[in-house]
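2 protein chains.
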Amino acid sequence: MHENTKKEVALDRVRRYLEPGPVVLVSSQHEGECNLMTMGWHMVMAFTPSLFGCLISAGNHSFELVRKSRECVINVPTTDLTDEVVGIGNTSGREIDKFAHFGLTPESSEQIDTPGVRECYANFECRLVDDSLVNSYNFFIFEVVAGRAEAAPAYPETLHYTGDGVFMVAGEIIDRHRQFLPQML
Amino acid sequence: MHENTKKEVALDRVRRYLEPGPVVLVSSQHEGECNLMTMGWHMVMAFTPSLFGCLISAGNHSFELVRKSRECVINVPTTDLTDEVVGIGNTSGREIDKFAHFGLTPESSEQIDTPGVRECYANFECRLVDDSLVNSYNFFIFEVVAGRAEAAPAYPETLHYTGDGVFMVAGEIIDRHRQFLPQML
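Just so you know, the protein sequences line up as chains P and U, in that order. Its first residue numbered 1, the first sequence is counted upward by one per residue in the UniProt record's numbering. Its first residue numbered 1, the second sequence is counted upward by one per residue in the UniProt record's numbering.
For the record, the hints were derived by calculation from the structure and aren't laboratory data. Any given hint could turn out to be false.
Covered stretches of chain U, going by a simulated chain P footprint (3 or more residues, C-beta under 8 Å) [what the hints assert, rightly or not]:
(1) 96–110
(2) 159–165
Partial pick of chain P residues on the chain U-facing surface, computed with a CB cut under 10 Å [said to hold, decoys possible]:
(3) Ala-46
(4) Cys-54
(5) Val-85
(6) Val-86
(7) Asn-135
(8) Phe-139
(9) Ile-174
(10) Phe-180
(11) Leu-181
In this text, a Cβ means the ideal position worked out from N, Cα and C, and glycines have one as well.
Construct the entire structure; sequences and hints are all you get.
Encoded structure:
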């Protein structure tokens with residue numbers, strides 16, 4: 001998985017990875033400084049353009065990096081990265097270099113300067129397109145401008161945070177494709 | 001589960017149920033008309049006040065009901081309601097009474113007029129507090145003003161939509177409470 005065997009994800013297919021609500025790792029970079037944060041407050045907002053909304057608290061070191069660079073990468077970890085997810089969420093980029101500390105590999109992005117996390121199974125490069133609710137809610141709206149993901153397994157186990165240090169694990173699937181109207185797929 | 005055995009959820013604990021990203025059923029009501037929709041694009045936005053953001057497409061019958069009444073209930077279904085979740089997402093309230101059609105029971109709310117769905121394991125009564133991004137993104141910000149949930153099981157199986165008629169199932173948990181800093185819990 002640490003080889004770069006990822007395939008391009010069409011931009012209108014980003015919901016496939018983010019709508020289930022996994023915890024993600026946000027990578028950010030500004031003027032040579034790079035950081036990672038764990039984030040659970042996010043949502044898909046549109047297919048085309050591919051929009052993604054999320055909350056980055058002003059208390060986080062990542063807040064200023066993202067606000068100034070106006071970009072980030074949304075990286076989707078699987079359960080094999082649980083220790084890293086917990087560690088990244090419980091440390092501050094003011095004190096440590098999180099990529100180095102947690103042994104994660106910066107992976108060059110295609111459309112933006114901020115690197116992604118190679119060990120994550122999907123990466124979405126984002127540009128800030130609406131900061132009108134940043135001051136009031138710390139709410140950022142990004143356009144996803146490039147995406148890639150491992151092709152297999154199709155539905156790897158992801159982490160879904162409940163608070164209190166407890167994650168739910170998703171992985172098993174229920175396929176009801178045949179019950180959907182074509183226009184609803 | 002169809003008896004009303006739910007317990008009150010403290011408003012700053014709503015993330016416990018919604019942050020994992022389950023598909024939810026939105027109930028809405030305006031001038032005697034009531035509807036249900038299936039929704040996957042939502043997120044927690046604050047603990048106190050308890051804020052919740054979500055996207056209700058202007059093409060949905062629920063959009064005008066919610067915009068006019070300025071309230072809704074966010075109901076969290078479990079996998080035993082998969083048929084209802086799929087059915088509600090593939091029909092329109094312009095054509096059918098969804099509560100009746102899917103055999104669901106309206107449950108009176110405490111703080112608002114709109115009823116919840118008794119068969120769902122958790123219900124969150126919401127008042128619209130910010131509609132500034134409704135015109136541009138169909139994005140609504142609600143304050144959760146009352147919440148209740150079944151006490152057991154603690155982590156029931158929830159549905160997490162990926163598109164294409166496929167849901168991931170979350171239920172299994174990973175508990176890393178002891179690895180968290182107290183201020184991060």
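These are the hints, each one checked on the structure:
1. Counting residues of the stretch 96–110 of chain U whose C-beta sits closer than 8 Å to any C-beta of chain P gives 0, which falls short of three, so the coverage hint is violated.
2. With 7 residues bearing a CB less than 8 Å from a CB of chain P, the stretch 159–165 of chain U meets the requirement of three and the coverage assertion stands.
3. The beta carbon of Ala-46 (chain P) is positioned within 10 Å of a beta carbon in chain U (closest approach about 7 Å), and the interface hint is therefore held.
4. With its C-beta approaching chain U no nearer than about 7 Å, Cys-54 (chain P) sits inside the 10 Å limit, and its interface hint holds.
5. At about 9 Å, the closest approach between the beta carbon of Val-85 (chain P) and any beta carbon in chain U falls short of 10 Å, and the interface hint on this residue holds.
6. With a cut of 10 Å, the hint placing Val-86 (chain P) at the interface with chain U holds, because the nearest CB-to-CB distance is about 5 Å.
7. Using the Cβ-Cβ criterion of 10 Å, the hint placing Asn-135 (chain P) at the interface with chain U is not satisfied: the shortest such distance is roughly 12 Å.
8. Annotation: interface hint on Phe-139 (chain P) holds; nearest CB of chain U at approximately 7 Å, less than 10 Å.
9. The criterion of a C-beta within 10 Å of any C-beta in chain U is met by Ile-174 (chain P), whose closest approach is roughly 5 Å, and the hint holds.
10. Contact between Phe-180 (chain P) and chain U, as hinted, is supported at the beta carbon level, the nearest pair being about 4 Å apart and thus within 10 Å.
11. Proximity of Leu-181 (chain P) to chain U holds as hinted, the smallest CB-CB distance being about 5 Å (cut-off 10 Å).
Going down the numbered hints, you'll see the structure goes against 1, 7, while the others check out.
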